[in-house]
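K.L.:
For reference, the chains in residue letters:
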Amino acid sequence: MTTATLDRPAVAPMDPLAQAIADVEGVPEPSPDPLADTPMKTKELVIVNWSGDLDKVWPVMILSSTAAASGVTCKVFVTFWGLLPFVKDEKRIVGDNWMQKMLTLMQRPGIDHLKLSKMNFFGMGPWMMGSLRKQYNVASPRELLEAATALGVEFIPCQMTMDMFGLKREDLIDEMGEPAGAATAIAIMTEADASLFI
Amino acid sequence: MTLQIVQTVDARGLSCPMPIVRTAQVIKAVPSGQLVEVLATDPGSVKDFAAWSRTTGNELVEQSTDGGVYRFVLRRK
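Residue numbers (our numbering), protein chains in the order written: chain A, -15 to 182; chain B, 569 to 645.
Incorrect hints may have been included.
In silico DSBU-like cross-links for lysine-lysine, where the CA-CA straight-line distance does not exceed 30 angstroms [said to hold, decoys possible]:
| no. | chain 1 | residue 1 | chain 2 | residue 2 |
| --- | --- | --- | --- | --- |
| 1 | B | LYS615 | A | LYS27 |
| 2 | A | LYS75 | A | LYS85 |
| 3 | B | LYS615 | A | LYS40 |
| 4 | B | LYS645 | A | LYS25 |
| 5 | B | LYS645 | A | LYS27 |
| 6 | B | LYS615 | A | LYS118 |
| 7 | A | LYS27 | A | LYS75 |
Residues of chain A placed beyond 12 angstroms of chain B at every Cβ, according to the derived structure [to be verified]:
| no. | residue |
| --- | --- |
| 8 | ALA6 |
| 9 | MET45 |
| 10 | ASP73 |
| 11 | GLU127 |
| 12 | PHE181 |
Quick look at which bits of chain B chain A covers, simulated, 3 or more residues with Cβ under 8 angstroms [what the hints assert, rightly or not]:
| no. | stretch |
| --- | --- |
| 13 | 572 to 585 |
| 14 | 589 to 595 |
| 15 | 620 to 626 |
These are calculated hints, taken from the structure and not from any lab test.
Ideal placement from N, C-alpha and C gives every residue a C-beta, glycine not left out.
Isolated chain B, as found in the complex (with noise of 0.2 angstroms):
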């Protein structure tokens, strides 16, 4: 079975801190275990996004790359 992502966060285009900020408002609304998809060109997010899914507990299940765009998939803690 392959679970749903729920919601999508478009930080395409934005810089540090934004796609991080963005992402933790969105994924507080979100049910514990769903999943969220990210989507961001920042390349410091991979990092970045890396050390959230660390300090905030949120797995980050999926990373991908496709032309420039940075794909995290994370999981609600």
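Here chain A stands alone, though its shape is the one from the complex (with noise of 0.2 angstroms):
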């Protein structure tokens, strides 16, 4: 009885070109992991923060800080109602004319006068959730707004909103971006791996 050998040699030969490059420049060694250099692209987070309720812009607040917190850039395009909250404390009225003047007379801007999207029994509503929230150590929208930006949560006011509701860039916190429109926010959005409108 005879035993069959297989006749063929552990490794394919080259092709003669291939060979004649490989002889020149050495042969590449395989990399094991086409990912390994490759650097890996952060993700990003990008939230258009419209709504100037309570209970909107603390969920912008605590998922902007998360973001952040996690290694996720995250930017917020903030927009029309979603400005106010971003008005300094010592401004009251703001605006040039009495149209303007009359919509920061009518809700008081500033990160500690929010108010409630339903609920708000003039005032009631929002104090109730603030008693709640200390009884259950619940961050306030200004300690995560203020945690977001150390973490560099980066605001980026709109142009636009800035001009129709009379506040100058002076008005906004200091920590905000420089003012930019619709496009930036698109770019953004597009650029990003998930987008939430707020």
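Given two chains presented individually in distinct reference frames, assemble the corresponding complex, making use of the accompanying hints.
P.N.:
Next comes the structure, spelled out in structure tokens:
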């Protein structure tokens, strides 16, 4: 009984051209992980902060600070009613004409004066929310805004809303970025891994 | 050889998302490979630290509960 031996070479022969190149350049080491050389892109989240309501601005602050804390680049485009919470504390009535002044007369600006979108009851709702917050040791929108800016969240004010509401750059908190428009919002949203409109 | 815990984050009594936010602020200043310990009482932090470890790459090396206090040990990426 004869045993059939396999007469194949262990390594397949290279074609002459590849052999010639390999002789000159040396055979490249195959990379074990094709993704090992490419740096991992950091994830990005964009939030459009449209509302000025306590129950919407609060989650924006929670999500943006948590995103930054998770190593996710976070940008918040701040537009319409969403801009009023970003007015400096010492500003009470802002704007140039009576219609703009009416806006901030009716809705006191600043991060501490947010109203609830429902069950506001002339301020009773937010007051109760505030005392529940303290009871359960939940961070306030102000504390979260401070954490978010410290962690590098970029808040971008909408130039058009600023013009319409009569808000100047110096009326808004210093931590905000440069004002921009809709095209910037679209660009950052399409480049991001996730975007939210709140 | 056991690695030394170089920093402790006391997040007891704090609600979501502050245990994570505080930890992120502390771990930034810790050298890579070092251990940070977190104490929290928020029951949601059990799932949250596992998720945060996944997104940031800071490894969750130890996790335990003792009388309503959750303890997490994380290795800085």
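K.L.:
For every hint, state whether the structure bears it out.
P.N.:
Checked hints:
1. B:LYS615 to A:LYS27: holds (20 angstroms)
2. A:LYS75 to A:LYS85: holds (12 angstroms)
3. B:LYS615 to A:LYS40: Given that 30 angstroms is the threshold and the Cα spacing comes to 24 angstroms, the pair holds.
4. B:LYS645 to A:LYS25: Status holds; Cα separation ~16 angstroms.
5. B:LYS645 to A:LYS27: holds (16 angstroms)
6. B:LYS615 to A:LYS118: holds (24 angstroms)
7. A:LYS27 to A:LYS75: Roughly 36 angstroms between the alpha carbons, so the hint for A:LYS27 and A:LYS75 is violated.
8. ALA6: holds (38 angstroms)
9. MET45: violated (9 angstroms)
10. ASP73: holds (22 angstroms)
11. GLU127: violated (8 angstroms)
12. PHE181: Given that every Cβ of chain B is farther than 12 angstroms from that of A:PHE181, nearest at about 20 angstroms, it holds.
13. 572 to 585: Coverage by chain A holds here, the residue count being 5 at a Cβ distance below 8 angstroms.
14. 589 to 595: Since 4 is at least three, the answer is holds.
15. 620 to 626: holds (count 4)
Taken one by one, the earlier hints fail for this structure at numbers 7, 9, 11, listed in ascending order.
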